[in-house]
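For the record, the sequence lines run as chains A and B.
The numbering of the first sequence is our numbering, which starts it at -2 and goes up by one.
The numbering of the second sequence is our numbering, which starts it at 4 and goes up by one.
Treat the hints loosely; a few may be bogus.
Using 25 Å as the maximum straight-line C-alpha spacing, the simulated DSS-like pairs for lysine-lysine come out as follows [to be verified]:
#	chain 1	residue 1	chain 2	residue 2
1	B	K206	A	K23
2	B	K337	B	K287
3	A	K351	A	K0
4	A	K261	A	K416
5	A	K42	A	K351
6	B	K148	A	K58
Hints are computed from structural coordinates only; laboratory data are not their basis.
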Amino acid sequence: MPKQIHLAAHFPGVNNTTVWSDPASKSQIDFASFIHLAQTAERGKFDFFFLAEGLRLRELKGRIHDLDVVGRPESLTVLSALAGVTTRLGLAATVNSTFNEPYELARRLATLDHLSDGRAAWNVVTSWDAFTGENFRRGGYLAQEDRYSRAKSTLRAARELWDSWDDDAILADRSTGEFVRPGQGEFRYSDEHFDIEGRFTTPRGPQGHPVIIQAGNSDEGREFAASDADVIFSSYSKFEEARLFYKDVKDRLAKYRRKHEDLKILPATTYVLGDTEEEAAERAAQIRRAQVSPQTAIAFVEGFWGRDLSAYDPDGPLPDLEPDLGEGVSQGRAQFRGDRGAVVREWRRLAEEKGFSIRELVIEVTGRQPFIGTPRTVADQLDDFVQNDGSDGFILVPHLTPGGLDDFVDQVVPLLQEKGVFRTDYTGPTLRDHLGLTAPRTSRKEAR
Amino acid sequence: MTGLHLAVALDGAGWHPAAWRDLLARPSELLSARYWSGLAAEAERGLLDFVTIEDAFALQSSRFEGPDDRTDQVRGRLDAVLVAARLAAATTHLGLVPTTSTTHTEPFHVAIGIASLDHVTRGRAGWRPQVSGRTPDAAHFGRRKFPRFDEAFYRAPGSAAFVAELFAEAADAVEVVRRLWDSWEDDAEIRDAETGRFIDRDKLHYIDFEGEHFSVRGPSITPRSPQGQPLVTALAHDVLPYEFAARSADVVYVTPHSREGTAEIIAQVRDAETRTGRTGEPLKIFADLVVFLGDDADGRKAELDELDGAELASDAEIFVGAPARLADLLLDWKAAGLDGFRLRPGTLTRDLEAITRALVPELQARGEFRDHYAETTLRARLGLERPASRYAAAP
């Protein structure tokens, strides 16, 4: 039997992948948009719906970045509302482990699991910076090297809390007058980050623990995923690099006595469909141009140069200035961290070789459209990618809100189903069922 | 409408600790969406203004100062903001007012949570900020050491300063939340293809709150919500909380035990408004009442008291009797200057149904309660305007 593909729908985010200038682009905040995309994903029998998070608006040159979509809701609140208009779709919230406390986080995730009848997932992210910390009473306090240690502690503490209630804790037995088994919720957790104890308020959710998603690419992030995550949100959507990542991470599982299928690797990816290959290629080029407006092109090179480049012509050559590799001009984006000097050198080489203008260069280097073609060719490409161990499926990132997955669900999903590589209906009620994660952890008390 | 406003406080199986043992209770479903949706639908059927959803970081207990070992009462609860959000699609008019802690929860998270609730309900969100000074709550977070908060401490001289501190911090938290709600002007989103700008960033504002307890920079990550400022409500039993409500809230819930007591409390609330220099709309004052309704109410309550091993005690007045008599009482107390009531059903769903199917028709027959929902937002239902953002330049 071929590998079964897992699919998730990413609500369009606040980077330039999301095209807001298209007349078909609707509100990024109106609940109707969330309902549309979630119900489309459920119609397509997707595994889950995914919401990203950013706890401070991004800034460039000390001012709020105004060229991309700005503004989004609190993830868990919207997902809880969506639980009321969907019945099977998994609901994945990105929630930061630095600017939340385990007690509160664990009860909110367990609550979503109850209110969705077992469909909750938590994408554990680890932003730590003082810039984001300025929005919180505790401020920014975490050294970058401590972020995974804090994330692991947060997750361990949350698991301790989820395990503090038995699965069958609530008896609600009128005849004996017993509502609950004794001692429920008792916990104590202590390590270098937390020292907490007491009685946890929220009984164990239908999944025991919500599905855990991890999104880091670093060695530390991979190790964290191998030891603790159920799903990886990966950024490797080109086959060769994806295959290497897949093998690297899956090979780490044995160390934690976990099986190959205990961790699903799902790269974020985009696709473009057309009635013919040519039409699809044409549309793909149009979308890339819409994603990189002249202003966006300049803002993008500014992020890497670390300088104000507003005087440069987006249709002209790259700036001859040397980049300023100091503090940088961008805040709140992981993209502009790392070795910016090397990036600039590579771009210069590329621009010279191809004769690219600034905008053409940005279109070239930011274009991530690995799957372009007719529904048939895209279905074949996706299937090949998974069967050859590039991934276990995909997190699809549409460029339009909220109708960006309509064509995929109508035209590609049926072909994947025909090939026998994607479900024609849900086989169980919970997200763990959809993902084939058959071994929910047992509660602590049962394990004793 | 000149009649009264009516809200219902939802919590577990009801406000009697033995409520889950009522034959019509659904004790095994208290954590399910179906149960909560049913309650909300019933409240909406009765045209109620809003429901509140209780919350606390401490597991329910029969002891004030900490957990107990009882297994014969309801234990376990869900996050109130998420319960409210789950009810968005199950209702169309009902206001939804969850409780959160001002002591331990980050104001930024609360601000975006309640704003998001307002977006998903299209303007029906409210909020009840609540202080949590109890020692076990602090131990759940491990960040702060609180004094042992028991009766002895409460009577000791040092406790007043501690309580004042909690409320001062709560006022700061509400101020931060309110500023964040205003930090996006209504027309900040421009989608101007010409200049490539999605927003006009001059209409997004840093809130730069600097308080004694914390600072918050802003702006919010969430665009301004349908109501602009969701309805802020506070339960208050004493002068200090009255002042907190006067500074921070739109609605205050109070707990009088008689018509005369109602008048006294209203006078104290109005004094608190003067002392704190409140401007704009005066507080809407709601009285809380625990209610057991119907011909069999006496017997039902007595039976539950018996099962629980103690007579029900409450901070609020407990009413037991026929819906028509409750209507008399509500109208009598209202005449003392109340805007409405928040009823705490002794048992859910039985006493909620008595409210929506017997009390409401009784009040309607007397011309004292709406016969349909006229307004779409919760603020409008309470006669409150949609305020402009405090950061918007005057037109």
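Here is what the structure says about each hint:
For the hint linking K206(B) to K23(A), the alpha-carbon distance of about 21 Å falls within 25 Å, and the restraint holds. This hinted pair checks out: K337(B) and K287(B) have alpha carbons roughly 12 Å apart, not beyond 25 Å. For a cut-off of 25 Å, the pair hint linking K351(A) to K0(A) is broken: about 40 Å separates their Cα positions. Between the alpha carbons of K261(A) and K416(A) the distance comes to roughly 21 Å, so the proposed pair stays at or under 25 Å and holds.
As the CA atoms of K42(A) and K351(A) are separated by approximately 43 Å, the hinted pair breaks the 25 Å bound. Between K148(B) and K58(A) the CA atoms are separated by roughly 41 Å; this puts the pair beyond 25 Å, and the hint is violated.
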